[in-house]
Amino acid sequence: MADYKMHLLVCGGTGCKASESEQIRDNLLAEVENHDLTDEVQVVMTGCFGFCEKGPIVKVLPDNTFYVQVKPEDAVTIVEEHLVKGRQVNHLLYRDPENDKPVSDSKHMDFYKKQVRIALRNCGFINPENIDEYIARDGYAALAKCLSEQTPQEVIDEIKRSGQRGRGGGGFPTGLKWEITSKSVADQKYVVCNADEGDPGAFMDRSILEGDPHSVIEAMAICGYCTGSSKGLVYIRAEYPLAIQRLKTAITQAREYGLLGEKIFGTPFCFDITLRYGAGAFVCGEETALIHSMEGLRGEPTFKPPFPSESGYLGKPTTVNNVETLASIPVIINKGAGFFSSIGTEKSKGTKVFALAGKINNVGLIEVPMGTTLREVIFDIGGGIKGGKKFKAVQTGGPSGGCLTNSFLDTPIDYDNLISAGSMMGSGGMIVMDEDDCMVSIAKFYLEFTLDESCGKCTPCRIGNKRLFEMLDKITKGLGNEEDLTRLRTLCKVIKDTSLCGLGQTSPNPILSTLDNFFDEYLAHVRDHKCPAGQCKSLVKYTINNDKCTGCTLCFRNCPVGAITGEKRSPHYIDNSICIKCGVCYDKCKFDAVSVS
Amino acid sequence: MNKIKSLDDLRQLREGMQAKIKLRESGDNAENIVRIKVAMSTCGIASGAKEIMTYLMDELEQHSIEAVVSQTGCMGYCFAEPTIEVTLPGKDPIVFGDVDKYRAAEIIEKYIIHNELVDGILPANYRTIDN
Ligand SMILES: Cc1cc2nc3c(=O)[nH]c(=O)nc-3n(C[C@H](O)[C@H](O)[C@H](O)COP(=O)(O)O)c2cc1C
Ligand code: SF4
Ligand code: SF4
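Just so you know, the protein sequences line up as chains V and Y, in that order.
Residue numbers for the first sequence, in the working numbering: 114 to 710.
Residue numbers for the second sequence, in the working numbering: -6 to 124.
Check before you lean on any hint, since a few could be wrong.
Dumping the calculated DSSO-like pairs for lysine-lysine here, alpha-carbon to alpha-carbon at most 30 Å [claimed, not checked]:
| no. | chain 1 | residue 1 | chain 2 | residue 2 |
| --- | --- | --- | --- | --- |
| 1 | Y | -4 | V | 344 |
| 2 | Y | 94 | V | 499 |
| 3 | Y | 43 | V | 361 |
| 4 | Y | 103 | V | 184 |
| 5 | V | 118 | Y | 94 |
| 6 | Y | -4 | V | 258 |
| 7 | V | 130 | Y | 103 |
| 8 | V | 376 | Y | 94 |
| 9 | V | 361 | Y | -4 |
| 10 | V | 448 | Y | 84 |
| 11 | Y | -2 | V | 296 |
| 12 | V | 258 | V | 448 |
| 13 | Y | 43 | V | 118 |
| 14 | Y | 103 | V | 448 |
| 15 | Y | 84 | V | 214 |
Sample of chain Y residues facing chain V (criterion: CB under 7 Å; computed from the structure) [stated by the list, open to error]:
| no. | residue |
| --- | --- |
| 16 | -4 |
| 17 | -2 |
| 18 | 6 |
| 19 | 61 |
| 20 | 64 |
| 21 | 86 |
| 22 | 116 |
| 23 | 119 |
Derived by calculation from the structure, the hints in this document are not laboratory data.
The C-beta atom is built at its ideal place from N, Cα and C for all residues, glycine as well.
The whole structure should be built from the sequences, with the hints applied where relevant.
Set out below in C-alpha cells:
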C-alpha cells in the first residue's frame, strides 16, 4: 500500500480550471509516474485557494511551498527539481509584492494574513455546546479579570482606547456608549444584545451565536459590570432556531458554573440573561423599535434623543450592542486595547466580518482587518467572479447601502471611506454583481425590500418609497422617460431628508448610487427602451435569424405559448405579441439561430 | 458541576481543559486518535452535516478507529458545505468540502487509514489571533 510522503495540491477552482489546471494535474501525474514516484507522491485537485489573481496554483506538502502562475509545461520542472532533487523552483515561487523576494512557505504569505479572526476566533474551532472548550480558549477570563482587577471605569477606558466602534451599522464608539449608560442614574439598567440581523444576505451574527455563543454572553456580563446593569436581554429573531438553541444551552451552562447569576466569581456582581424573540421585521433591528417590540408595543422607531443609553427599555438606561461588537470585547480585555487598535485604519480599528454572496466563487463568511481593499476581499479571498465573468459592482450595507464599482476596488474598507464612496458599512453583507446583472433591477429589488419592511409611520417612507418603486417598475418595463430620472432623484432626496429612522433615511441609497454610477444603464432603459444586461424581460426581444435557422422545428415544439410559426425545413418566426420571453427557444436551438436583444 | 467562585477556580478549570484539548489535538499519548470537526451551523445542517456526523461516527466505529468527532460552528466555507476538518495525529488539520456519504467514506478509507489525500480539500486562508 502506498504511503505517501508528499502531496501536490492543484487548485481546482473555476478560475484555475479555466487556465488549464486540469492539464497541469495530468502532466504532474505523468511526470510522477515517469520518475517512479507514484508510491510516494500523490497529486490531488483541491477547492479554490482564493488566490485566483495568481492562479493556477500548485502547493507542495508537507513543506508548504506555494507555486503561482504555473503552466502545464512547468510540471516537468516541479517534479524533477522539487520532488527528485529537493530544490524549490525559484521562478514559480510567489513573490512578496513589497520587496520582490520569493516566499517559500505559504504560511508567511500576506495572503494568509488577509483574514484575521477576532469575532470569529472560536467559530469552527470549538464545540459551541461545551462551555469547557470555550474556557480552554481563555473563555470567561476577561470577565474574571474585569471583576477582580479593574473598576468599571477602567474597563470602559480600555474599550475606549481600543477604538472599537459598533458593528451593527452605525459605527458608534462602544466605550463611549457604555460610559453614557454608566453615568445615567437609575434603580435598574439593561444590557441588550441586538441579534435581529435583518439585512438580506447577512448571516454573521447568526454564525457567531451558533459557533461561539459564550463570547456574547461573557461580553454582555462585562457590559453589565461596566454600566451597572444586572439584567441582560438578547433580542433574536425567531427564524434563527439553531442560534436560539445554542444560546439557551450556553446560558444554562454558564449558570451552572456560576458565571451568570448571583455573586459571580465571589464578587457582589450579579447578572443574568433572558431571551426575547422577534418576528423578523427589518425595522425592529433599529434600536428604539427593538426596545418597543420588547416592551410589547408596536415595533416602530421613535425620535432620538432620548437615546436608549439614557432612557431605553421600560424607560431605564439601556445599552444596545450588536452581536459582533460584543463578540470582540473579551479579546480587547484579554489582549489589551493596544492589540485591537494596532489592527485597522486610523478611524476604524479592529476587524470586520463580511458575508460574501452573489456572483462570487467563495460564498461564505470572512473576517478581515479594517482597511482591507474590496479587491482583496473579492478577488483574493472571495476567489473572484463566478464563471470567469466580469466584475460589475458590489453592494455593501444591504438595502441601506449603495453599490461600488470598479473604481472603488482599491479603496480601503472602513466606515468613513464607504460613506464617502456613497455606500455604508451596514452590518457587513456584500453582494457581488457581474456583467449580467441589470442595475435598475437591482435597485428595484432593494426598494421592494424596504417597501415591505417600512413600518409605515412616516409618510415619505411609506408613500415615497412606493412611488419610487412604481417609477423603477415603469422603467424596467420600458415605459419610463428621461424626466422620470430627474423625478427619481428629487424624491430620493426628500425621503432621505424627512424620514424619522435610519430605514427611511437610507432607503433611497441603492437608487442614488446606481444613478450615479450607472446612469448610462438608466438612460438605455428610458431612451432606447433596452436593457443592456438583458435582464428586464419586458425589454427583451427574441428573434430567429433567417440565415441560421434550419427549420428543425425544435423551438416550435417547445414554445409553451405557441408563439413560433414556420414550415419544416424553412425559417421560423416569433410572434412577439404572443411571446412571453421564457427563453426556451433560445436554450433549445442547436444552431444558435435564436438571438436576444 | 462545581461552581466557579474565583479567578483561581477558572484558571484551574482552564488548565485542566487545555491539557485535555491538547491531548486530543496532538494525540501524543494515544497514537491513533483522529480528531474530526463537523461544521454544524445553519448552512451546514441544511446541507446534511448532521447525517454526515452520525455516518462518520458509525463508520469509524466499524473500522475500529479511535476518533473524536465533534461539532463546531461555521468555518466560513459556506460554498462547500458540509465541511469537515480532519486532524490526524501529528499533522496539520485539513478541511474537506462538499462531504456527502460517499465522500465521507472515501475520506476515512483513503485519508484517515492510508494517509492519501482526496480531491476537494479547502485551503485554510485565515489567521487566528493566537499565533
Ligand atoms: C432600519 C435599521 C435596521 C437595523 N438593524 C440592525 C440589526 O439587524 N442588527 C444590529 O445590530 N443593528 C441594527 N441596526 C442598528 C441599531 O439601531 C443599533 O445602532 C445597533 O444595534 C447598536 O449596536 P452597535 O453600537 O454595537 O452597532 C439597525 C438600524 C436601522 C436604522
Ligand atoms: S422612516 Fe420608515 S421605517 Fe423608519 S419610522 Fe419612518 S416609516 Fe417607519
Ligand atoms: S421566448 Fe419562449 S415564448 Fe417566446 S418564442 Fe421563445 S419559446 Fe416561445
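We went through each hint and held it up to the structure:
{"no.": "1", "hint": "Y:-4 - V:344", "result": "20 Å, holds"}
{"no.": "2", "hint": "Y:94 - V:499", "result": "27 Å, holds"}
{"no.": "3", "hint": "Y:43 - V:361", "result": "20 Å, holds"}
{"no.": "4", "hint": "Y:103 - V:184", "result": "29 Å, holds"}
{"no.": "5", "hint": "V:118 - Y:94", "result": "27 Å, holds"}
{"no.": "6", "hint": "Y:-4 - V:258", "result": "17 Å, holds"}
{"no.": "7", "hint": "V:130 - Y:103", "result": "24 Å, holds"}
{"no.": "8", "hint": "V:376 - Y:94", "result": "49 Å, violated"}
{"no.": "9", "hint": "V:361 - Y:-4", "result": "19 Å, holds"}
{"no.": "10", "hint": "V:448 - Y:84", "result": "28 Å, holds"}
{"no.": "11", "hint": "Y:-2 - V:296", "result": "29 Å, holds"}
{"no.": "12", "hint": "V:258 - V:448", "result": "11 Å, holds"}
{"no.": "13", "hint": "Y:43 - V:118", "result": "33 Å, violated"}
{"no.": "14", "hint": "Y:103 - V:448", "result": "41 Å, violated"}
{"no.": "15", "hint": "Y:84 - V:214", "result": "28 Å, holds"}
{"no.": "16", "hint": "-4", "result": "4 Å, holds"}
{"no.": "17", "hint": "-2", "result": "5 Å, holds"}
{"no.": "18", "hint": "6", "result": "6 Å, holds"}
{"no.": "19", "hint": "61", "result": "10 Å, violated"}
{"no.": "20", "hint": "64", "result": "6 Å, holds"}
{"no.": "21", "hint": "86", "result": "10 Å, violated"}
{"no.": "22", "hint": "116", "result": "5 Å, holds"}
{"no.": "23", "hint": "119", "result": "3 Å, holds"}
In the structure shown, a violation is registered for the earlier hints numbered 8, 13, 14, 19 and 21, in ascending order.
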